[in-house]
Amino acid sequence: MSLLKLAKWARLKSPWILHVNTGACNSCDIEVLAALTPRFDVERFGAILKPSPRHADILIVTGALTRQAVERVKRVYEQTPDPKFVIAVGACALSGGVFQGCYGVLSGVDKVMPVDVYVPGCPPRPDAIIHGVIKLIEKVSKSG
Amino acid sequence: MPSVDINIGPVHPALHEPEKFVFKVDGEVVVDVEPRLGYVHRGIEKAAGEKTFTQAVYLVERVCGICNVAHTLASVQAIERAFEVDVPARAKYLRTIIHELNRLHSHLLLLGVACELMGFDTLFMMLWRDREVVMDLMELATGNRVMSAYNVIGGVRRNISDHEVSTIRKALTSLSEGVKRYRKAFAEDPTIRARCVNVGRLSPFKGISLGAVGPTARGSGINVDVRVKEPYAAFDEIQCTPITYNEGDSWARFMVRIDELHESIRIIDEALNKMPRGPIRVPVAEVAPQTAESFSIVEAPRGELLHHIYVKKGEDRPLRYRIRTPTYANMPALCEMLKGGYIADIPVTLVSIDPCFSCTDRLTLIDIRSHKRKVVRLKSSI
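Sequence lines, in order, name chains E and Y. Under our numbering, the residues of the first sequence are numbered 1 to 144, in order. Under our numbering, the residues of the second sequence are numbered 1001 to 1382, in order.
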């Protein structure tokens, strides 16, 4: 087994997640956190929440992307080692949601980083967030 | 020795939200704190003025996803007062029930996060497991786990059937047993006591002079509770006892919240018993019937929350919408608590005020470095 194959196998079996808040109202954040707790328990798929971007494979991005947070979010994305994947969670991260058109908001994280999976909802249920993670794992395993 | 600056944030695992604090430290001791707020500033007050009253309620619900019921309640009460609309009695009780369910979920969430930051992951997981009971009840009563959109201008959106009443009662009885266990853990567990007792002290005098609100003030023995002092919704008919602890440290603030869990369960039970039958909503005009100014204060899980509104006769949008949130009021008190403490105690002290920066940052772009309040130009701050 080549090293690359080994790395991919490890990544698929245990994707580490970093949760980035780009100016969310906290409802998506608590649902992301709820996905990690006993009722939903995303850890059974090997996913675990990590505090540092340097340890992360997947960025779960929530929030409306405020102008204040843009530079910081870009830096977090750059600090994450390749290959990295982004899941946008919640209506605000997708398109700005209810804050579309507000002067402090850029509306949508895909304006500053490529997004692999979109999870809609205001906020999406933890089941939906887990579904998003599973979809991403499927996508990566098919990509070869 | 000159003090050293330590930057925490804006993206930091202990914060959960993008905020920055600069701690000036001398050795291990924090000498001064400079919070840098504004990373979650979205411009909600401006946006609320551009939306109709009905839309504005849905917008302010998203000021904060955790205490969303408190925001909608304050908002619809302010609008109803300006419109001079009387809400049916059953709607007032239903609002109280959902408001207290929201408090249950918020306090359980905060206590769990506090345990996580102390490194007590087992209790964090247990608290969040029991929090799911409350989330299920929210879903049962309102149709959604988090964003309930329950309060509407003129009443509430959904009724609670007798069958649902018995389900809520049964679930809360089992939750009550769990809360008793957690109270024992927080009151007696040596690990929790070692991390919380005498950490982040706030004297009653400082608490009052710095304008602390909610559980933060009640943990310092200051008897403030909007539910008692300025009853709203059904609180004029439901007995509510404010919970105060005199210790003034992080432990006292957590204990206030645990005892409030019991109090909230009791309030919900009493409201379910006393709830009259009848309509749950009255029709309200789309446009303001008169030019008026009104405000509404509610006790959000984090403290008193104020919504202030100006309406003009014949307009379907608010002239001006102003919100004052509890975490913003607690920031000066937080800075006072952190001073003189150790670096290792920063996360516990910070979480003990239950910070909610998505509430706080909606206000204005103010740089409070060097105690000068100056408005930062939007372009220069990007």
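Wrong hints could be hidden among the right ones.
As the list claims (entries may be wrong) - Pairs of lysine to aspartate or glutamate residues, derived as DMTMM-like cross-links and limited to a Cα-Cα distance of at most 25 Å, are as follows:
no., chain 1, residue 1, chain 2, residue 2
1, Y, K1184, Y, E1263
2, Y, K1206, Y, E1247
3, Y, K1020, E, D116
4, Y, K1046, E, E71
5, Y, K1020, E, E138
6, E, K13, Y, D1121
7, Y, K1339, Y, D1032
8, Y, K1206, Y, D1259
9, E, K50, Y, E1132
10, Y, K1313, Y, E1034
11, Y, K1170, Y, E1247
12, E, K84, E, D127
13, Y, K1339, Y, D1005
14, Y, K1051, Y, D1086
15, Y, K1339, Y, E1247
16, E, K13, E, D41
17, E, K50, Y, D1259
18, E, K13, E, D127
19, E, K5, E, D116
20, E, K50, Y, E1247
21, Y, K1024, Y, E1034
To be clear, the hints were calculated from the coordinates, so they are not data collected in a lab.
How the hints compare with the structure:
1. For the hint linking K1184/Y to E1263/Y, the alpha-carbon distance of about 16 Å falls within 25 Å, and the restraint holds.
2. Our distance criterion of 25 Å between C-alpha atoms is met by K1206/Y and E1247/Y, whose separation comes to about 13 Å.
3. For the proposed pair K1020/Y and D116/E, the alpha carbon gap of about 29 Å is over 25 Å, so the pair is violated.
4. Restraint check: the Cα-Cα separation between K1046/Y and E71/E comes to about 24 Å, which is no more than 25 Å; the hinted pair holds.
5. Straight-line distance between C-alpha atoms of K1020/Y and E138/E comes to about 37 Å, which puts the hinted pair past the 25 Å bound.
6. Among the hinted pairs, K13/E with D1121/Y is consistent with the structure: their alpha-carbon atoms are about 23 Å apart, no more than 25 Å.
7. At most 25 Å may separate the alpha-carbon atoms for a hinted pair to count; K1339/Y and D1032/Y meet this at roughly 6 Å.
8. Restraint check: the Cα-Cα separation between K1206/Y and D1259/Y comes to about 24 Å, which is no more than 25 Å; the hinted pair holds.
9. With a C-alpha separation of about 23 Å, the suggested pair K50/E and E1132/Y falls inside the 25 Å cut-off, and the hint holds.
10. A threshold of 25 Å between alpha carbons decides the hint, and for K1313/Y with E1034/Y the separation of about 44 Å lies outside it, so the pair is violated.
11. Under the criterion of a C-alpha separation no larger than 25 Å, the hint pairing K1170/Y with E1247/Y is inconsistent with the structure, at around 35 Å.
12. A C-alpha spacing of about 22 Å is found between K84/E and D127/E, which places the hinted pair at or below 25 Å, so the restraint holds.
13. Taken as a hint, the K1339/Y and D1005/Y pair is honoured in the structure, with Cα atoms around 14 Å apart against an allowance of 25 Å.
14. Of the pairs offered as hints, the one joining K1051/Y and D1086/Y holds, with about 23 Å between alpha carbons and a cut-off of 25 Å not exceeded.
15. Restraint check for K1339/Y and E1247/Y: the C-alpha separation of about 17 Å stays at or below 25 Å, so the hint holds.
16. Restraint check for K13/E and D41/E: satisfied, since their Cα atoms lie roughly 15 Å apart, inside the 25 Å limit.
17. With a C-alpha separation of about 32 Å, the suggested pairing of K50/E with D1259/Y is violated against the 25 Å cut-off.
18. Simply put, K13/E and D127/E have alpha-carbon atoms about 19 Å apart, close enough for the 25 Å limit, and the pair holds.
19. With a CA separation close to 21 Å, the supplied pair K5/E and D116/E stays within the 25 Å bound.
20. Between K50/E and E1247/Y the alpha-carbon distance is near 35 Å, which puts this suggested pair outside the 25 Å criterion.
21. Proposed proximity of K1024/Y and E1034/Y is supported: the alpha carbons are some 8 Å apart, at most 25 Å.
When the structure is compared with the earlier hints, violations turn up for hints 3, 5, 10, 11, 17 and 20 and for no others.
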